[in-house]
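Starting from the known structure of chain A, arrange chain B on it as the hints suggest.
Those sequence lines, one after another, are chains A and B.
Numbered by my numbering, the letters in the first sequence go through residues 410 to 850 in order.
Numbered by my numbering, the letters in the second sequence go through residues 410 to 850 in order.
Treat the hints as calculated values from the structure; they're not laboratory data.
Heads up, none of these hints are tricks.
Residues on chain A that point at chain B, a partial pick, calculated with CB under 8 Å: (1) E444; (2) G447; (3) F477; (4) R496; (5) Q500; (6) Y721; (7) R779; (8) N784.
Under the rule of at most 27 Å between Cα atoms (straight-line distance), these lysine-lysine pairs were calculated in the DSS-like manner: (9) B:K724 x B:K590; (10) A:K799 x B:K724; (11) B:K665 x A:K797; (12) A:K803 x B:K724; (13) A:K516 x A:K479; (14) A:K516 x A:K414; (15) B:K516 x A:K516.
Only some residues are given here: those of chain B computed to face chain A with a beta carbon under 7 Å: (16) F421; (17) P426; (18) E444; (19) S754; (20) N784.
All C-beta atoms in this analysis are idealised placements derived from N, C-alpha and C, irrespective of residue type, glycine included.
Number of protein chains: 2
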Amino acid sequence: MSLVKPRIPSGFPEYLPAEQIEFNRLVNIVRRVYEEYGFSPIDTPDLELSEVLLTKSGGETEQQIYRFIKGSNDLTMRFDLTVPLARYVAQHESELIFPFRRYHIGKVHRGERAQAGRFREFYQCDIDVIGSNSVAVDAEMPIVINKIFEQFDIGEFTVHINNRKILNGFFESLGLSNISKDVLRIVDKIDKISANSFTEELERLGLSADQITRLREFININGSKDVILNKLEKISLNCKSDQFKQGVKEVGLVVKTIRDFGLSDSRFMIDLRIARGLDYYTGTVYETTLNNHPEIGSICSGGRYDNLASHYTKKYLPGVGVSIGLSRLFYKLCEIGAIELTRFSSAEVVVMPIGSGQITASVRIAERLRSTGINTMLYTEENNMRKKLKYADKMGFEWVVLIGEDELLTEEVMLKNMLTGESIRIKSVELDSFLLDKIKK
Amino acid sequence: MSLVKPRIPSGFPEYLPAEQIEFNRLVNIVRRVYEEYGFSPIDTPDLELSEVLLTKSGGETEQQIYRFIKGSNDLTMRFDLTVPLARYVAQHESELIFPFRRYHIGKVHRGERAQAGRFREFYQCDIDVIGSNSVAVDAEMPIVINKIFEQFDIGEFTVHINNRKILNGFFESLGLSNISKDVLRIVDKIDKISANSFTEELERLGLSADQITRLREFININGSKDVILNKLEKISLNCKSDQFKQGVKEVGLVVKTIRDFGLSDSRFMIDLRIARGLDYYTGTVYETTLNNHPEIGSICSGGRYDNLASHYTKKYLPGVGVSIGLSRLFYKLCEIGAIELTRFSSAEVVVMPIGSGQITASVRIAERLRSTGINTMLYTEENNMRKKLKYADKMGFEWVVLIGEDELLTEEVMLKNMLTGESIRIKSVELDSFLLDKIKK
Chain A
410 MSLVKPRIPS
420 GFPEYLPAEQ
430 IEFNRLVNIV
440 RRVYEEYGFS
450 PIDTPDLELS
460 EVLLTKSGGE
470 TEQQIYRFIK
480 GSNDLTMRFD
490 LTVPLARYVA
500 QHESELIFPF
510 RRYHIGKVHR
520 GERAQAGRFR
530 EFYQCDIDVI
540 GSNSVAVDAE
550 MPIVINKIFE
560 QFDIGEFTVH
570 INNRKILNGF
580 FESLGLSNIS
590 KDVLRIVDKI
600 DKISANSFTE
610 ELERLGLSAD
620 QITRLREFIN
630 INGSKDVILN
640 KLEKISLNCK
650 SDQFKQGVKE
660 VGLVVKTIRD
670 FGLSDSRFMI
680 DLRIARGLDY
690 YTGTVYETTL
700 NNHPEIGSIC
710 SGGRYDNLAS
720 HYTKKYLPGV
730 GVSIGLSRLF
740 YKLCEIGAIE
750 LTRFSSAEVV
760 VMPIGSGQIT
770 ASVRIAERLR
780 STGINTMLYT
790 EENNMRKKLK
800 YADKMGFEWV
810 VLIGEDELLT
820 EEVMLKNMLT
830 GESIRIKSVE
840 LDSFLLDKIK
850 K
Chain B
410 MSLVKPRIPS
420 GFPEYLPAEQ
430 IEFNRLVNIV
440 RRVYEEYGFS
450 PIDTPDLELS
460 EVLLTKSGGE
470 TEQQIYRFIK
480 GSNDLTMRFD
490 LTVPLARYVA
500 QHESELIFPF
510 RRYHIGKVHR
520 GERAQAGRFR
530 EFYQCDIDVI
540 GSNSVAVDAE
550 MPIVINKIFE
560 QFDIGEFTVH
570 INNRKILNGF
580 FESLGLSNIS
590 KDVLRIVDKI
600 DKISANSFTE
610 ELERLGLSAD
620 QITRLREFIN
630 INGSKDVILN
640 KLEKISLNCK
650 SDQFKQGVKE
660 VGLVVKTIRD
670 FGLSDSRFMI
680 DLRIARGLDY
690 YTGTVYETTL
700 NNHPEIGSIC
710 SGGRYDNLAS
720 HYTKKYLPGV
730 GVSIGLSRLF
740 YKLCEIGAIE
750 LTRFSSAEVV
760 VMPIGSGQIT
770 ASVRIAERLR
780 STGINTMLYT
790 EENNMRKKLK
800 YADKMGFEWV
810 VLIGEDELLT
820 EEVMLKNMLT
830 GESIRIKSVE
840 LDSFLLDKIK
850 K
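So here's chain A without its partners, still in its complex pose (with noise of 0.2 Å):
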């Protein structure tokens, strides 16, 4: 028989198991805090009906999607998750409860041109709160970020807030109403691009030298929080634009709910060159970078918006969330080592009986670890010590228990401890209680 070579398509990342526990590990924490405040599960379909799910999509979109033919149903893999959850929310109207607080932990699929770091399958880690137009929530998402990327514990990090009514509104008073969605997505461009291009690009648009200048000086308003939100209230006494006003007054609360909240100002900040490229956004916007660590980009971004599902349903559903491109920045923090691999098995300790004749005793054994809460593996090969300890030693166990005939004989267990090599013999009974006392530090 000829051998079939084993691989998998280019941009689809699969991992090693001391790779996948870490993961996890990340996978597990976004979930617990998503959980902790009270964002309920919801999981849609990996294929939709492309008449459904591609709606609103362009030409981009169309490109980049894995779509095809099953019989009767022309069905496309689910790029993200903002579209169906339009879908779900539209269609479960009626049996959900508003506002709908929602999280959802899934892989998305786009067939791009794969590099690295840019994947064709990946995980997304979204939370939207559906219905509410309160904006004590848009305050809540940087918290939520917060607790995640602090429990990540992958160094500093900052939520960068605007407001897209700030940002319309100073084009619309500049007399740029009619380009908003072009000016805003150059400005989104700006750390990308040099100064030159951008100003090139504005010109492009028609903006005069003044208009620029204008807009310039505008973006790069900095300093604290308060100097800000002075500054752009001082704007606004002379801006004609209502928007301008009623976006200056949002982030002004915004900020104020997030200190309610207990955040530290260190870990916020108001930054109006975030536009965010998606044209859906109509208030606050989000983007989170890692302080030592800009060239990665935003690790985290979201924004409200006015509509979630106008394609499916004539109720007004305005929302707010962020996602989490978890595969991209798992692949970032491992490259800039702020993830190491500290485990490779699922257990925390290994029992092996040295001969077949223990492995009742050594069964009896890990099970009693398990009931004490110690995940325990059980290695029963019929291999000599040497082998067996070779087997420990590679998997990465600190603590192994052997289990011999002597020990049998004297109730005993032998530990052995792989990284100082150190062998102990220990009444049975004690084994429990010591390996919790090392293990669950």
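Same frame as chain A, now just chain B:
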């Protein structure tokens, strides 16, 4: 703008949050038990190269798969977690440590005809130990199954155990070696077809009346494990098949070791009728049934196989594993009423300011509750009290924390129990311990 009707393809399950919370509770139990026994997580891509995934499959599989071309790739969605495991193990052979114990919880896709309780997209929860010849590992499978279903709390269940070597050895002793696969497939159907059909199908294979009688007598041997083991050993003495003798020895050892694990004899049985349709099993096989709902069929099955990845590598990889088809099981458990929808939110309590003047205090109190481990939802919509309480009621919250102007002055909160209707005023500082006591029973 014309609206698109929100809907999903048939055969794709989608839950409301209350169902999803219960489904996830089961997933978490499975994951916790798998990790308790030292199985490490892996995940594989949803899409594999068709050339790699379909090496082993026959015509039936080809019809059921979701396969398509994207760019230069011929891709197929995974239809089980076993073929991807074989590919994974062969591909990462040099980086893995054997015996390799992995668990995998993930969605698979089969484009079969959708019907009630049979899905095109469903979750499987698999464990396998690859590269192990130890019979103690065979015994571990029923232990793991048992731990999971005990925690599911879905009534009494039984793990049925048999060994392919016993069946094949017995067929051999009847002179049926050359058609043992076909005989096996008919034995596998015995509970689904009539006694007449059973006889007819065997006759059609060419079995004599005497062979059929002896086969029927054999697979109907019953009684306690010790009675069956005794009978098997007696048959073994006069049986010319070494395979049979080996199977009897193995099943005896598996039963002994399961008892060593401390599992009650009522939770497992030797059942010579268990065959398992799939070709690749070669030793111990498992099926699990609910005692009060045999009509559901097996809820967890698996077995030992000789060589997992023979299509991908020359390395000999024996192993043993079991799989829970969780989506179908969940559907059936809901149907028989074994699953109750008890929670409608990930939050255990909701905090509501009565007016906008109490948002600051509410935010702080919600954060304090979270810091004590209580999942807390904050409700800050500007509604009147009636609407606020209606929301809490529909969401199924037992306790609502209301914060009003009066309460702030006296440093108190109002606690409303939605089940009894009673209202309590309580000092803010005592709220944490009061709720912890009520909620974390």
